[in-house]
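503 is the number of the first residue of the sequence shown in this note's numbering; add one for each residue after it.
Think of the hints as simulated: they come from the structure by calculation, not from any bench.
Computed from a prediction, not measured in an experiment: that's the story for all the values here.
Fair warning: there could be bad hints in the mix.
To be verified - Here are the computed lysine to aspartate or glutamate pairs in the EDC-like style, where the Cα-Cα straight-line distance is at most 16 Å:
1) Lys-504 to Asp-569
2) Lys-613 to Asp-584
3) Lys-564 to Asp-538
To be verified - Each pair of labels, with its calculated beta carbon distance range:
4) Gln-745 to Gln-682: 15 to 25 Å
5) Glu-519 to Ile-701: 24 to 34 Å
6) Glu-718 to Lys-614: 23 to 33 Å
7) Lys-561 to Ala-534: 17 to 27 Å
8) Asn-583 to Glu-652: 21 to 31 Å
9) Tyr-581 to Arg-714: 15 to 25 Å
10) Asp-659 to Gly-632: 38 to 48 Å
11) Asp-588 to Ser-703: 28 to 38 Å
Virtual Cβ for every residue (Gly too), placed ideally from N, Cα, C.
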Amino acid sequence: MKLSLSVRIAEGFLSKEEAILTLAEVADLAVAAGYDAICMRASQIGIQSSADQIDEAVKTLKDRELDVSMATPDFAIVYNNDQGPDCLRNITPYLDVAERFEAPLVRVAIKKDADIPHVQRAADEAAERGIRLAHQCHTLSLFETIENIERSLAAIDRPNFGLIYEPANLELCDQDYGPQTLERLAPKIFNVYLQNQIIRSGGSVTLNTWCRGPVEFDIIQIHDPGGIDFARVQQGLQQIGYQGSITVHQCAPEGQTPQESAAATAQFLRSSH
503 MKLSLSVRIA
513 EGFLSKEEAI
523 LTLAEVADLA
533 VAAGYDAICM
543 RASQIGIQSS
553 ADQIDEAVKT
563 LKDRELDVSM
573 ATPDFAIVYN
583 NDQGPDCLRN
593 ITPYLDVAER
603 FEAPLVRVAI
613 KKDADIPHVQ
623 RAADEAAERG
633 IRLAHQCHTL
643 SLFETIENIE
653 RSLAAIDRPN
663 FGLIYEPANL
673 ELCDQDYGPQ
683 TLERLAPKIF
693 NVYLQNQIIR
703 SGGSVTLNTW
713 CRGPVEFDII
723 QIHDPGGIDF
733 ARVQQGLQQI
743 GYQGSITVHQ
753 CAPEGQTPQE
763 SAAATAQFLR
773 SSH
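Could you put the whole structure together from the sequences, leaning on the hints where they help?
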């Protein structure tokens with residue numbers, strides 16, 4: 503298992519632009535906790551970063567022998583807002599960032615069927631540079647439900663375009679996220695994101711969905727019980743022979759330091775794998 507730590511560990515859930523740790527600090531805690539890679543986001547490095555900032559970040563990670571599993575180089579993609587698909591109309595700077603980190607994958611955003619021709623052109627450009635594109639299972643997108651995920655992937659029809667499987671967003675959309683779903687999506691799963699939650703009335707967070715309206719839930723750590731059934735997730739990943747990265751996609755925790763959270767989660771995932 504190649505375990506990757508998202509720099510989201512140094513972000514707040516609703517403020518994804520302000521990092522509470524430097525990249526060197528995130529990298530140091532990743533190494534200390536036994537991670538193999540970093541999942542890069544714009545809160546650390548993105549298309550807004552200067553060449554010097556990118557060069558320094560590349561050196562920071564190389565010095566610590568950490569790979570970059572995926573790049574999400576702007577804030578609109580992270581927020582999944584109406585500007586998210588703009589990346590598809592000029593994918594070049596996103597690929598430039600990924601290439602500097604030797605990242606094999608770039609996350610993009612798609613909101614409507616009219617975005618699909620732009621996805622296809624972006625994927626073709628990425629293919630010329632040996633880079634793949636992927637979309638997360640995510641609320642308020644064409645990738646909310648299993649049916650729409652399959653339909654969208656078929657419409658895009660590019661071998662280097664695939665899916666970031668993420669069980670928590672599937673659960674928010676009342677979708678099965680277990681072995682049967684993983685089997686259906688297996689050929690197009692390029693990355694795995696893990697985060698945890700408990701869906702309940704009166705939860706501290708409310709997210710809207712297109713398929714079932716607003717959903718209330720509480721965020722918990724991946725290693726906390728009572729949320730996503732990670733045993734089913736692990737079973738499904740093993741059944742399909744998944745060999746790619748597994749990324750801890752968890753925001754800054756309540757009641758734990760990022761260092762404590764990253765270490766406990768890595769221990770949990772490695773012991774249960």
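Requested in this report: Tell me, in ascending order, the numbers of any earlier hints that this structure violates.
Outcome: As far as the earlier hints go, only 10 is violated by this structure.
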